[in-house]
Amino acid sequence: MLMHVVERTARSNTVNAVVVATTNEPADDEVENLCRERGVHCFRGSSHDVLDRYYQAANAHEADVIVRITADCPIIDPEVIDRTVYAFWGEKDKVDELFDNDPDKESPAFGEPLYDFAANRLPPPWGRTYPIGLDTEVCTYSGLACAWKEAAEPFQREHVMPFFYQHPERFRILHVTHDPDFGFYRWTVDTPEDLDLVRRIFNHFEGRNDFSWLKVLDLFERQPELIRMNLDVTHKSVYDVDKRWQK
Numbered sequence: 000m001l002m003h004v005v006e007r008t009a010r011s012n013t014v015n016a017v018v019v020a021t022t023n024e025p026a027d028d029e030v031e032n033l034c035r036e037r038g039v040h041c042f043r044g045s046s047h048d049v050l051d052r053y054y055q056a057a058n059a060h061e062a063d064v065i066v067r068i069t070a071d072c073p074i075i076d077p078e079v080i081d082r083t084v085y086a087f088w089g090e091k092d093k094v095d096e097l098f099d100n101d102p103d104k105e106s107p108a109f110g111e112p113l114y115d116f117a118a119n120r121l122p123p124p125w126g127r128t129y130p131i132g133l134d135t136e137v138c139t140y141s142g143l144a145c146a147w148k149e150a151a152e153p154f155q156r157e158h159v160m161p162f163f164y165q166h167p168e169r170f171r172i173l174h175v176t177h178d179p180d181f182g183f184y185r186w187t188v189d190t191p192e193d194l195d196l197v198r199r200i201f202n203h204f205e206g207r208n209d210f211s212w213l214k215v216l217d218l219f220e221r222q223p224e225l226i227r228m229n230l231d232v233t234h235k236s237v238y239d240v241d242k243r244w245q246k
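Read in numbering that gives the first Met the number 0, the sequence shown has 101 at position 102, and its numbers run on one by one without any break.
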C-alpha cells in the first residue's frame, strides 16, 4: 500500500521528490528497508510529534514547499495533487493544459506562491468535496517552520497542519474544492472494512495503480453497493490524538 502511495504521488508533475517520512521506532525498520530497495527517499523521526518529523524532513531535503500526502491513501491521484499545488500558486487554471501524466516531464517553474497553505480538505466549517483518501495539503517551508516553533497542543503536533487553519489571521489559507461534491466517499484505509474496499477497487483494475480517481468514481456510480462496504466507519477528527501523547 505504501508503494502505491509513493508511485501515484510521484506521477504528479508538480512534485520534485517524494520522501517517506516514517518513525524512528524499530517496527519501521521494514519501511526504511523497503524504501532503500525501491530507491525511495526515507526520513525517520519522531513517532508522535509528526510536525517535528515533517519539519526535520523538510530541512534534510531543503524543501521550499511541502506537499503532505498521508500513507493510508493508496488511491491518491496525481492530478488532484497538481490541482492543489497549482491553486496554491494561484495558477489553478494551468493544470488543465499542463497535466498529461508524463512521469518524465520536468516540474514547472513557479514564482512566489499566492498562499501560505492550501488543502482540499479542512475541518468544519470548510469541509471537503473530494473523497476521503485524496487529501492533499501544501504549505511553504517558512509557514511550516512557524508552526513547528509555535504549535503546542498535541493534536497540532500529531496532525501537522492544524496550526495553519487555526490562524487564518496569520496565514493566507486556500480551501480547494470540487463541484459536484464527492466528499461522502471514503477511499482511505483505517479499518479492515476500508482495506476490503480498496482491495476491491484494485482488483477491478487488475492490480494496476495508474487509474485516475475519476475512474474510481465511475466504478462507484456503476456499483453503488461499494459505498456501503465502509459506510459505518467514523472518520477521525483533527482533535483525536494517539493516547501515548498523554503519558
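FYI, nobody ran anything at the bench for these hints, they're computed from the structure.
One or more of the hints may lead you astray.
Unchecked claim - Cβ pair distances, simulated, as ranges:
(1) Thr22 to Phe204: 28 to 34 Å
(2) Lys214 to Pro153: 37 to 43 Å
(3) Ala151 to Arg221: 28 to 34 Å
(4) Glu149 to Arg35: 33 to 39 Å
We put the CB at the ideal spot given by N, CA and C, even for glycine.
How the hints compare with the structure:
1. Remark: the range hint 28 to 34 Å for Thr22 to Phe204 is upheld by a beta-carbon distance near 31 Å.
2. For Lys214 paired with Pro153, a C-beta distance near 38 Å keeps the hint of 37 to 43 Å intact.
3. Taking 28 to 34 Å as the suggested C-beta distance range, the pair Ala151 and Arg221 does not conform, at roughly 48 Å.
4. A beta carbon spacing of about 35 Å between Glu149 and Arg35 agrees with the range 33 to 39 Å that was offered as a hint.
Going through the hint list in order, the structure does not satisfy hint 3, though it satisfies all others.
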